[in-house]
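Undergrad: Next come the chains, spelled out residue by residue.
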Amino acid sequence: MSNINIKINGQEVSVPAGISILEAAKSINVHIPTLCYLKDVNVIGACRMCLCEVTGQRALVAACVFPCSEGMEIFTNSPKVREARKVTLELILSNHNRECTTCERSGVCELQQTAEDLNVRDIRFPAMQEEKYVIDDVSPSVVRDPSKCILCNRCVSVCKDVQGLGALGATQRGFSKEIAPAFGLPLADSNCINCGQCIINCPVGALKEKDDTEKVWAAIADPNKHVVVHAAPSVRAGLGEAFGLERGSLVSGKLAAALRRLGFDKVFDTNFAADLTIMEEGTELIGRVTEGGKLPMITSCSPGWIKYCEMYYPDLLAHLSSCKSPQEMMGAVLKTHYAESNGIDINDIFVVSVMPCTAKKYEVQRPEMKVKGVQETDVSITVRELARMINEAGIDFNTLPDENFDEYYGDYTGAGTIFGATGGVMEAAARTAVEVITGKEAENIDYEAVRGVEGVKSAAIKAGDLTLNVMVAHGGSNIRTVMDKLRAGELNDYHFIELMACPGGCVNGGGQPIVNAQEKMTHDIRVERAKALYHEDADVLKFRKSHENPSVQKLYKEYLGEPNSHKAHEILHTKYEQKPQIDYKK
Amino acid sequence: MDDFVSIDNLTPLKEIIAKHKGAPGCAMPILQEAQEVYGYLPIELQKTIAEELGVSLSEIFGIVTFYTQFTLVRKGKYRVGICLGTACYVRGAQNIVDRFCRELNVEVGGTTPDMKFTVDATRCLGACGLAPVMMINEDVYGALTPDMAPDIIAKY
Chain A
1 MSNINIKING
11 QEVSVPAGIS
21 ILEAAKSINV
31 HIPTLCYLKD
41 VNVIGACRMC
51 LCEVTGQRAL
61 VAACVFPCSE
71 GMEIFTNSPK
81 VREARKVTLE
91 LILSNHNREC
101 TTCERSGVCE
111 LQQTAEDLNV
121 RDIRFPAMQE
131 EKYVIDDVSP
141 SVVRDPSKCI
151 LCNRCVSVCK
161 DVQGLGALGA
171 TQRGFSKEIA
181 PAFGLPLADS
191 NCINCGQCII
201 NCPVGALKEK
211 DDTEKVWAAI
221 ADPNKHVVVH
231 AAPSVRAGLG
241 EAFGLERGSL
251 VSGKLAAALR
261 RLGFDKVFDT
271 NFAADLTIME
281 EGTELIGRVT
291 EGGKLPMITS
301 CSPGWIKYCE
311 MYYPDLLAHL
321 SSCKSPQEMM
331 GAVLKTHYAE
341 SNGIDINDIF
351 VVSVMPCTAK
361 KYEVQRPEMK
371 VKGVQETDVS
381 ITVRELARMI
391 NEAGIDFNTL
401 PDENFDEYYG
411 DYTGAGTIFG
421 ATGGVMEAAA
431 RTAVEVITGK
441 EAENIDYEAV
451 RGVEGVKSAA
461 IKAGDLTLNV
471 MVAHGGSNIR
481 TVMDKLRAGE
491 LNDYHFIELM
501 ACPGGCVNGG
511 GQPIVNAQEK
521 MTHDIRVERA
531 KALYHEDADV
541 LKFRKSHENP
551 SVQKLYKEYL
561 GEPNSHKAHE
571 ILHTKYEQKP
581 QIDYKK
Chain B
1 MDDFVSIDNL
11 TPLKEIIAKH
21 KGAPGCAMPI
31 LQEAQEVYGY
41 LPIELQKTIA
51 EELGVSLSEI
61 FGIVTFYTQF
71 TLVRKGKYRV
81 GICLGTACYV
91 RGAQNIVDRF
101 CRELNVEVGG
111 TTPDMKFTVD
121 ATRCLGACGL
131 APVMMINEDV
141 YGALTPDMAP
151 DIIAKY
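As you go down the protein sequences, you meet chains A and B in turn. Going by the working numbering, the first residue of the first sequence is number 1, and it counts up by one from there. Going by the working numbering, the first residue of the second sequence is number 1, and it counts up by one from there.
Okay, chain A solo, but in the shape it has when bound (with noise of 0.2 angstroms):
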């Protein structure tokens, strides 16, 4: 695209034809403030906190959605500009419950922060509304607390554009506006799937997780209880940012040393299950291709995709995997293997499991989601509970020692590491399908072709004279797509389709830690934190395939037998059922 000459604040400057003033002044670092602007996802000029003056303009323009031309005079600070954006605000916070001391959002609020950034010590406007708004806290996920709304719409447009969902959308109008599901439903039971982008793209404290540290710390504290934790692949590239460590920084080390100091009784990682996941997943898949089953087959890990799956594609569920997610192969293992190699009573052992995901709350509380009778995991807390429990405690993130997690169960190869990235468990199948299939080892088991954040991605995988035909895909509208050709037999030549629930998987799936829409503009967290696991997986770990993970071969040799034997398949493995899209009837 040719390029044109406009000025901002009298400095000349050279940018592409028809970019946003706000893109423009991004490139110069002019920072104008936002707080409806999404990239990509919702632009929208509807906050009006980015207004700008541009001469021969009568009003003021909305910089995030006014096109840049040949010429143009741009002023982002002007008295006008100042008093406007002001106004603007104060109206905004006249509205909103503004109790930031104890709002889980204080410090990293788009609103607390643009406050700060225009020097508003004074609400000039009096409060309008009334304080009737409910919170809706049925889902055991997502809270949403309208009377921190700021109607910005990019919970909207994440759910419906990007989630290919709409379970939030605005209701009512003038003062009464609401952004909700349709006809006041909770949100358990909305088309919603728990996923949890809303809340990592709410600019405020509306919509939260259903925060269960709580019950962690009682936990931890009860005597009779044996307490084990272990954190997710995407946990270890996330949560550093949660201390101020830069995007995408690799922290295992001081995770575990984290998890221990808050007082567990052994700190394990979900990856071990992930490498579970792969031999058993690996093996159903073999089965299915050698033998006739039903293909292509699809992952079961992300419980969001599971339970869209479950509303939206019912008659596609043979598709998916009998597999249950690492989560709760982790905690089925735990609960009886664990259990009974160390004396401990099944009833007495309580598995806190720390996600990049609020779906992940909703699986652990499935009826599907049981080994012996008892629940697999009795707690799932997102990453951003665990940074907050780490605060609590009166732990130094950031100069804690680098640990290890406890063997065995903490034991773990690349392969399981780099399922917290989309393509990872696709690369994490491939590299131990390939091998099990030919009988040798591979010479390459980099596939550069599932990785990166296109939405959907295919590759044929060679091993030996089979070709595997696969696809992956992350984010609801993708998945839609995806599902929506093979319901029409397009995809009729494939094997192996891993889906997702959040756009570029668990690395940014809605339990991480919150990065603001300015910094959107210029990273891709997803791709930021997918390297950090990546990294791990080719420069740190002594394994990359999870069958050459000692650990596992020791669970089977001792206890499961072969993968899908029948001892696997009573705990690692379930079914599905379909499930409506509105649950008005309840």
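Keep in mind the hints are simulated off the structure, nothing from the lab. Glycine included, C-beta positions come from ideal geometry on N, C-alpha and C. Only true hints are included.
Derived DEER-like restraints, expressed as beta-carbon distance ranges:
1) A:A318 <-> B:Y40: 38 to 44 angstroms
2) B:P150 <-> A:E83: 53 to 59 angstroms
3) A:K294 <-> B:T11: 34 to 40 angstroms
4) A:E83 <-> B:E107: 40 to 46 angstroms
5) B:C128 <-> A:P580: 45 to 51 angstroms
6) A:P79 <-> B:P24: 38 to 44 angstroms
7) B:P150 <-> A:Q578: 54 to 60 angstroms
8) A:P580 <-> B:E107: 31 to 37 angstroms
9) A:N224 <-> B:Y40: 53 to 59 angstroms
Below 20 angstroms or equal to it, Euclidean Cα-Cα: the simulated SDA-like pairs (lysine to any residue) are:
10) B:K116 <-> B:V106
11) A:K177 <-> B:F66
12) B:K47 <-> A:P580
13) A:K225 <-> A:D345
14) A:K531 <-> A:E454
15) B:K47 <-> A:F183
With chain A held as given, fit chain B onto it using these hints.
TA: Using the frame of chain A, we list chain B on its own:
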């Protein structure tokens, strides 16, 4: 009783949807006609519309709750809409509303127990020259005084 179609019978709705589906902005005429046929737009109808149009229920619900002409609850056979726009208001429309409510023994927005009348206060009906003005279904009444209420009601 009124002559609205029961929401158990979705056939007329599906015909309405089929007629408009595909046209830009088709949700509006579908919702308008559905309300004419069924009298109101409960979740069952909105869900069907959302599914048939391939949009989310929250999107349809957003439209229905944005426009005051749509209703989520059953209304009477005759919908008395009294304008409370600026011109009508300054010409005493509030007294008209109060009188109709008293005559029919309902609150604003309420429906008589026999499902015959619903009284609503509306925004501008666009006939300010006739202020104060009201509509009962498609019939327009202008230059109203409170004492005209009993006679107007008696016509229905």
